[in-house]
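A.B. asks: Sequence:
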Amino acid sequence: MLNIHNLSVSFGGSFLFEEVTFRLGAGDRVGLVGKNGAGKSTMLKILAGDLKPDSGQIATEKEIKIGFLRQDIDFIQGRTVLEEAYEAFYEIKAVEKKLEHINHQLVSRTDYESEAYHQIIEDLSDYTHRFELLGGYNYVGDIEKILLGLGFKREDFNNLTDTFSGGWRMRIELAKLLLQSNDILLLDEPTNHLDIESIIWLEGFLRNFPGVVVIVSHDKMFLDHVTNRTIEISLGKAYDFNKPYTQYLELRNEIREKQLATQKNQAKKIEETEKLIEKFRAKASKASMAQSLIKKLDKVERIEVDEDDTSVMNISFPLSKEPGRVVVEIDHLTKAYGSKMILKDISLLVERGSKIAFVGQNGQGKSTLIKAIVNEFEYEGTIKLGHNVQLGYFAQNQAEYLDGEKTLLDTMLEAALDTNRSKVRDMLGAFLFRGDDVDKKVKVLSGGERNRLALCKLLLQPINVLVMDEPTNHLDIKSKNVLKAALQKFEGTLLLVSHDRDFLQGMSNIVYEFKDQKIKEYLGDINFFLEQRNLQNMREVEKKEVVKKEAPKEVTKLSYEDQKKTKTLQNRISKIESQIKQLENDIQNDDKALASNYDKHIEDASFFTAYNKKKQELDALLEEWEKVQMELDTLN
1 MLNIHNLSVS FGGSFLFEEV TFRLGAGDRV GLVGKNGAGK STMLKILAGD
51 LKPDSGQIAT EKEIKIGFLR QDIDFIQGRT VLEEAYEAFY EIKAVEKKLE
101 HINHQLVSRT DYESEAYHQI IEDLSDYTHR FELLGGYNYV GDIEKILLGL
151 GFKREDFNNL TDTFSGGWRM RIELAKLLLQ SNDILLLDEP TNHLDIESII
201 WLEGFLRNFP GVVVIVSHDK MFLDHVTNRT IEISLGKAYD FNKPYTQYLE
251 LRNEIREKQL ATQKNQAKKI EETEKLIEKF RAKASKASMA QSLIKKLDKV
301 ERIEVDEDDT SVMNISFPLS KEPGRVVVEI DHLTKAYGSK MILKDISLLV
351 ERGSKIAFVG QNGQGKSTLI KAIVNEFEYE GTIKLGHNVQ LGYFAQNQAE
401 YLDGEKTLLD TMLEAALDTN RSKVRDMLGA FLFRGDDVDK KVKVLSGGER
451 NRLALCKLLL QPINVLVMDE PTNHLDIKSK NVLKAALQKF EGTLLLVSHD
501 RDFLQGMSNI VYEFKDQKIK EYLGDINFFL EQRNLQNMRE VEKKEVVKKE
551 APKEVTKLSY EDQKKTKTLQ NRISKIESQI KQLENDIQND DKALASNYDK
601 HIEDASFFTA YNKKKQELDA LLEEWEKVQM ELDTLN
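If you count by UniProt numbering, then the sequence shown holds residues 1 to 636, one letter each, in order.
No lab work stands behind these hints: they were computed from the structure. Where is the CB? At the ideal position from N, CA and C, for every residue including glycine. Do not take every clue at face value.
Claimed, not checked - If you anchor each label on the Cβ, the simulated ranges turn out as follows:
(1) E91 to L348: 47 to 53 Å
(2) D436 to G324: 41 to 47 Å
(3) K299 to K581: 19 to 25 Å
(4) D418 to K518: 41 to 47 Å
(5) S114 to V140: 32 to 38 Å
(6) Q532 to E623: 31 to 37 Å
(7) A94 to G524: 50 to 56 Å
(8) G524 to K344: 21 to 27 Å
(9) E405 to M341: 25 to 31 Å
(10) E329 to Q532: 25 to 31 Å
(11) Q488 to G324: 19 to 25 Å
(12) L297 to G13: 31 to 37 Å
(13) E623 to N571: 16 to 22 Å
(14) D436 to K489: 29 to 35 Å
Just need the whole structure built from these sequences, with the hints factored in.
C.D. replies: Here you go:
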C-alpha cells in the first residue's frame, strides 16, 4: 500500500534519519516511537505529503486516501460542530454546491430549446449520479451517528467549535477522519487531551480499522492495545519489529544482548588471531602463515551492536518542609463560566501525604478545581491551604507561561532563588539541556522540550504539595517513566490530573471522578477505578470472559509411539549433553596448556588441528542438541 525506500532528512547539516526503508500494508497498525526530536512527527508529515525528504522515494498505490490527524488542530472560528464535521465531505459539498447552481439556472432560464439549456439538463443528470455515488443522500445521517457515538449530545451540534475544549475538538477531527473512509490513517499524539473513555473508544475503532494506521504516541498502554508493529526512530536509524511496544522492547533488548555476546566472542577471536600474526611475523619461516591470517582477518565482517539512545533526564522533587496534617480544605466550592455550571457545591479534604488522581471526561471540571486551588480565578465557597503548605503547580498549558523570546538560561535564572541560582546550569543539564542548548530561545523548543524546561523550573521553588495538570503531554515514554519514578518517590502530597492509564498505575491511593458538576471518591488506584466503572479496554474484558467460559484443559495422553519417541529423544539429549560437557572440559584444558606453554604448542601443528576439531565438534553438537530439543518440545 505504501513503500518507503532510503528516506533521508537532515537539519543543519546533521541527519534526523538516514536511508530509512520500510513497507506498510493493509492491517498494519504501526506505533512510530522514539525520543522527542527523533523525527517521528517529521516522518508523518513526509508520509502525508506535507514535507519532502532530502532523498529517497515514497511509492503508493493508485487512489490511496490518506487521513492525517495533526498534533495541533486549527479549526476556523465561527463554524458549528456540524459545519466542521461537514468538512469531511468536501467532495460531496462541492457537488452539492454545483447542483444548487444548476437547479437555480433551470428555474431562472427560459431558453428551453437552446443547446445551452440541454447541456444544463445533462450536467444535472451527471452531477446527480455523482452525488449518489459519493453517498450524498446519507452523509448527514452518518455524521450525526458518529458524533453521537463519540459522546456529543444532539444539542451540541449547533454550538460553535471554539466553545469546546481541546479534547472535544479532537473528537470532531477524529469523526471527520472516520467519515472520510481513508485507506491510511496518520495519527500524531491522538490521545493528547482525550479523556480515558475517549481513549478506550479510539482503541476499539483503530483495532477494527481495515487499512493502515501509523501512530505517534507516548501512551504506552494505548500502543500496546492498538498496534501490532513498532518502528522506533533512534539516532538516525529505524528499527522495525512486528510486535506491539512492550513486546518490541523485550525483543530488542534480547537482540542487543545477543549482539553484545557475539561481538565479545568475535573480539576475543580477533585478538587471538592478532597475537598469532605478531608471533609469526617475528619468524621468517612463519611469514607466509602470518600473511594468510592477515587476509583471513580482513575478510571478517565485524559485528555491530545497535546503538541505543539511553539519555534521560535526572529528576527528583525534594520535600521543602513538613506541612500540617490538613494541606487543602475545600468547602462548598461552586464555579460557573457564564451560564454553564462546571462545579457545584464541592467539598474536599486533602490530608498530608495523600496521592490523589483526578479523572473524568474533558470539560467536567478537573482543571477548574486545580486552578481554584492555586487561586487563578474567583469562585463561590472557600479553599484553605494548611499550615506550612508550599504549592508547586504544573499547568496543563505550562509551556504557554514561558516567554519564547528568553533563553533557557535566562528563564531559569529569573525564577531561581539565592540558594539555587548557582546550580541552574547543572539542573538544566539534568534535564538534557547541555552545552550551547542553554542559550537557545524558548520559542525554538519542541513541545516535549518545553515541558522538560517547565518541570526543571518548577524545582527551583520549595515544594511540599505538588499540583500537576497533565504533566506528561508531549513527553516521550522514557521521560514519562523518569517523571513517574520521581513522583512515586516524592514524600509530600500529590494532586494529579492525567488521562494516561499506564502513568497513573501505582501513582495514587485515592481517585476522584468528575462528572455532572460533582466528584465521586474511589479508595484505590486507577485500576480499581476502571474496574468499578467498567471502563477497562475491550481486549482485557474479552480475555477475562474467555478465561471464565473455558473449562480447564485436560492433559492429553501421548500415544504409545509418541511415548517411545519421547524416551528416545530424551536419551539422545542426555548423551549429547554428556559429550558437550566432555568437549568443553577438553577445550578448557587445551586453553590452559596454551597459556602455560605457548611456545611449545605453537610449533605443534597436530595440537592445533586437534584443538580446532574439538571446537567444530562442539558447535555441531550444540546445533544437534537444539534440533533434538525442538523436536521433543513439539511432542510435549
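A.B. asks: Hint by hint, say whether it matches the structure.
C.D. replies: Structure-based check of each hint:
no.	hint	in the structure
1	E91 to L348: 47 to 53 Å	holds (51 Å)
2	D436 to G324: 41 to 47 Å	holds (45 Å)
3	K299 to K581: 19 to 25 Å	violated (33 Å)
4	D418 to K518: 41 to 47 Å	holds (45 Å)
5	S114 to V140: 32 to 38 Å	holds (35 Å)
6	Q532 to E623: 31 to 37 Å	violated (54 Å)
7	A94 to G524: 50 to 56 Å	holds (53 Å)
8	G524 to K344: 21 to 27 Å	holds (25 Å)
9	E405 to M341: 25 to 31 Å	violated (39 Å)
10	E329 to Q532: 25 to 31 Å	holds (26 Å)
11	Q488 to G324: 19 to 25 Å	holds (23 Å)
12	L297 to G13: 31 to 37 Å	holds (35 Å)
13	E623 to N571: 16 to 22 Å	holds (19 Å)
14	D436 to K489: 29 to 35 Å	holds (32 Å)
Violated hints, in rising order: 3, 6, 9; the structure is consistent with all others.
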